[in-house]
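Join the two chains, each given in its own frame, into one complex according to the hints.
Protein chains in written order, with our numbering: chain A, 1 to 366; chain B, 1001 to 1193.
Do not rely on the hints blindly, as some may be mistaken.
Per the computed footprint, the stretches of chain A lying under chain B, defined by three or more beta-carbons under 8 Å from a beta-carbon of chain B, are [as the list claims (entries may be wrong)]:
#1 25-32
#2 37-43
#3 328-339
If you are wondering where the hints come from, they were derived from the structure by calculation, not from laboratory data.
Just so you know, these numbers come straight off a predicted model, no measurement behind them.
Each residue gets a CB set at the ideal place from its N, CA and C atoms; glycine is no exception.
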Amino acid sequence: MIRVHELISNLAVRLALIGCALLCAIFVFGYVGGWWSPQRLTQDRMAAAFLQVNGPHPGFRLNHAKGVCVTGWFDSTGEAIAVSKAAVFQVGKVPVVGRFSLAGGMPFQVDKPTTVRALALQFLPSGAQEWRTATLNIPVFAVNSARGFYDQLFATAPDPRTGKPDPAKMTAFLGAHPETAKALSIISKRTISSGFFDSTFNGLNAFRFVNSAGASVPVRWSFLPMASLPEEAMPQPTPADENYLFDALIAQIHRHPLQWRLMITVGAADDPTDDATRPWPNERRNIDAGTVTIDQVASEDGGASCTGINFDPLVLPNGIEASDDPLLSARSAVYARSFTIRAGQVHEKPPSAVAVNPRAVQGTAP
Amino acid sequence: MIPDRARFPAFSRLLHWLMAVMILAMLLIGIGMAASVSERYRVLVSIHRPLGIAILILVVVRLVNRLFNPAPSLPATMSALEKLGAKGSHVLLYILMAVLPLVGWGMLSAARYPIVLFGGLHLPPILPHNLSLYSGLRQLHTVLAFLLFATFIAHFGAALFHGLVRRDGVLESMAPSLRNLLQSEHRDRQSHD
Chain A
1 MIRVHELISN
11 LAVRLALIGC
21 ALLCAIFVFG
31 YVGGWWSPQR
41 LTQDRMAAAF
51 LQVNGPHPGF
61 RLNHAKGVCV
71 TGWFDSTGEA
81 IAVSKAAVFQ
91 VGKVPVVGRF
101 SLAGGMPFQV
111 DKPTTVRALA
121 LQFLPSGAQE
131 WRTATLNIPV
141 FAVNSARGFY
151 DQLFATAPDP
161 RTGKPDPAKM
171 TAFLGAHPET
181 AKALSIISKR
191 TISSGFFDST
201 FNGLNAFRFV
211 NSAGASVPVR
221 WSFLPMASLP
231 EEAMPQPTPA
241 DENYLFDALI
251 AQIHRHPLQW
261 RLMITVGAAD
271 DPTDDATRPW
281 PNERRNIDAG
291 TVTIDQVASE
301 DGGASCTGIN
311 FDPLVLPNGI
321 EASDDPLLSA
331 RSAVYARSFT
341 IRAGQVHEKP
351 PSAVAVNPRA
361 VQGTAP
Chain B
1001 MIPDRARFPA
1011 FSRLLHWLMA
1021 VMILAMLLIG
1031 IGMAASVSER
1041 YRVLVSIHRP
1051 LGIAILILVV
1061 VRLVNRLFNP
1071 APSLPATMSA
1081 LEKLGAKGSH
1091 VLLYILMAVL
1101 PLVGWGMLSA
1111 ARYPIVLFGG
1121 LHLPPILPHN
1131 LSLYSGLRQL
1141 HTVLAFLLFA
1151 TFIAHFGAAL
1161 FHGLVRRDGV
1171 LESMAPSLRN
1181 LLQSEHRDRQ
1191 SHD
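Excised from the complex, chain B in its bound form (with noise of 0.2 Å):
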């Protein structure tokens, strides 16, 4: 039978979808421009550094949001061990996105780099020039990331899971479009059975 679930509302999922691409984006652009000499890297820089403060600006907003419009419950089938690796996993998803921007802002000061987000516009440095200190940032920013692509794997492969295997209505919950196909499609199949 179909779970009778909550969907999550349309802005919290607008703003899902907007970081899913936003974040998707930063973290290929990062491992890009750590590599790169090719004249991309200039590019990549320029738009790493914008992109980092908009995803920082859109986490504070989304965390707010969330106390407005908490999470639908998660699915009674799961067991009390799933849902903690899910609460635990978005709990890590929501501090690496609003660590790593701030990681990356501390780094560029530590280093004295004009922190620049468009031609004229450039932030503040918010800590002291100090080479020791930039280099743990620098460090911990590359690692930070890691993890961060890491979890973005386990909740990307979650979804799917729950999507593909479990059809529980956890990933229709946030994915409207994927919704309607899949639960008509499983509405076919429930009354063939």
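Chain A extracted, bound-state conformation (with noise of 0.2 Å):
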């Protein structure tokens, strides 16, 4: 104790003493932060390698840069209330923004058959939680993990001197990544649809729905396409132009409203919920939970509805939980970059791609 006295009654040894701990209060910020460890995967480092994969495309999407809004409602059948208490599972109606888009930051992009297509929506029951989600045209994801997705950013971007994928590069990010050899091989057995109209789109992220009871189950839901009407009653796509999926998902809209299956798909307990490249078996019971019908369609210039709307998968009702599935946190974290970095650059933002042609909507109004 008296050595300890004599210690801090020196003057300059309390000075240092007080330098020391602002200094480690300093350095425990900035390590929290990621400043001291260059290796660690951040939102920051996310952003800037879809930049520089991609290029710079101000007040345009990280990903899914090229889309389309659309707006409609959800038709519960209330079957689903039974594993999720979300009041968006009671019978009745609810409105629905949503957003067509295809995979990639390139907002310019041409439309390939091949390219992953995108449903994203926000169901809005009035004066109740409201319930986000994304999904893809693609029965598993390619990677289960952030640094998986960052990897693959690298590995199938194009080499500016060929203008393809380094197939070294992509040989060497599957041997590290063993989970998404495996699910390319389940995708690339897909059948591909013509165009949006008829795409089955999947959550792939397993979620848990919560009922009254408090009981939990995990699930995974898609989105079903239905016929409903006869395909020569439908333009179809062909693809000719650069826009021609989405032209043709316009054209469609205009002239019939298009409608999606709800399925809730009720995982058993040891079926992986953390990992989005791994199927669960067929055999699994389905709910029919309702469905979703697209009534109108605009371009996401003009103050369009899903142009302010991040699609963060973490945007979840009372009802609805969040798994275990790194890759929610992880689309979460980034997509909310994603939205701050495109909400500063709203003014120098060039039209998208997609137009909207207003005069089609009264020319082919029935």
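The following block contains the structure:
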């Protein structure tokens, strides 16, 4: 005690102690912020990777940059109430805001049949908690972690010299990520439908539904297209124009509302919930939760409703919870960063590639 | 000699240390979640929002408490400039403690994120849905958070300086446990002189 007393009675030592305490505080702050760990994957580094691979596209989403806004409604059957207490599943009609898009950070990419298609939806039950989800037309996700996604971005990026991805990089990537090799073999066997209207969109990540009794079950969900019209009444997408998928979608919505059935797949206790690259067995129980009807379409420009929405997969109502899938946090974090970046660029954004001609609306209205 | 100084009342000290822990946790959670893409992100966000609102409520309680229980006067050994610095930095701390949660609430409103406190409990939006407004407030939130951290560092450094170098009772006025320890030690030293 006396030694300690003598030590801190020395002014220089006391000042040094104060300096150390302050430096420690600053060090801890910086450590948590990732300042001293350049290898750590952060939101900044993920956003920088998108910019490096795709180039700057001010005002657009970092991923799924090419898209179009839609609105409609959800008719709930009430059948999902047994597994989730979320207000959106009560019998009734709920307004929906959505966005169809293509995967990739290039807002002016040419529509191709094999490019992954997406449907993002926001369910807005009146006076109750909303639900946002973003779904893809592939059966499983290609990666199961943020690191996998980051590595995949660079492995699949076109080589500036050839304009095509470097096969050596892809081989190295698949060697380091065997889960992706397995997932890609499942994805490559899928049937690719002709357009957005007949695509099945899968949630891919697992979530948990909680019912009013507090019982929690693992779930995944899908939107299954409904053949509501004979084919000859619908304009079929044909790969000719650079926006052929979107133009066909717009023409179809102008003629007739498009519909998808929301199917909830209830997993067994030992089904993987933390790995979006692994499918669940086909025999799992499905619940027909209701029908999504899309009847309006608008370009992203001019104040369309989907432009201001971040389709964050963790915006969930009471009754739907995140699972232990690490991709959910990763997606939520990177979507938020993408949203923040583009929110600061709204005045720099050039018009989106997909335009919705208002005259076509009048011309084809029944 | 030991200055005969009044201590902060027990309730003021309780509020101070409770909020000190909450605000430090909040600063670390904030910088951590703004960087993270790991599973911690979800957990940190779910703590950040209700903790921010709790701080907003407590700062109101604290301001009211301060009206009824003013701070003890600063020691006469401090120069006018030092006193101005002390007063100014405390005013800044109070402003930041109140404004940061409000900017956070406002920016989530402008982005139309649900403002989730706990599972069933959401706060209403306080600003219109506007991306440019969101962007401005989001940047302001970061700038103010760094300013709060810098002010905390100054506050922490000044407190240690009062306690270890000046030994003028200012640190002890807020820290009862340290007060006993340091004052008894101080007395020992005085008796040896």
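Each hint tested on the structure:
{"no.": "1", "hint": "25-32", "verdict": "holds (count 5)"}
{"no.": "2", "hint": "37-43", "verdict": "holds (count 4)"}
{"no.": "3", "hint": "328-339", "verdict": "holds (count 7)"}
Comparing the model with each earlier hint shows no violations; every hint is respected.
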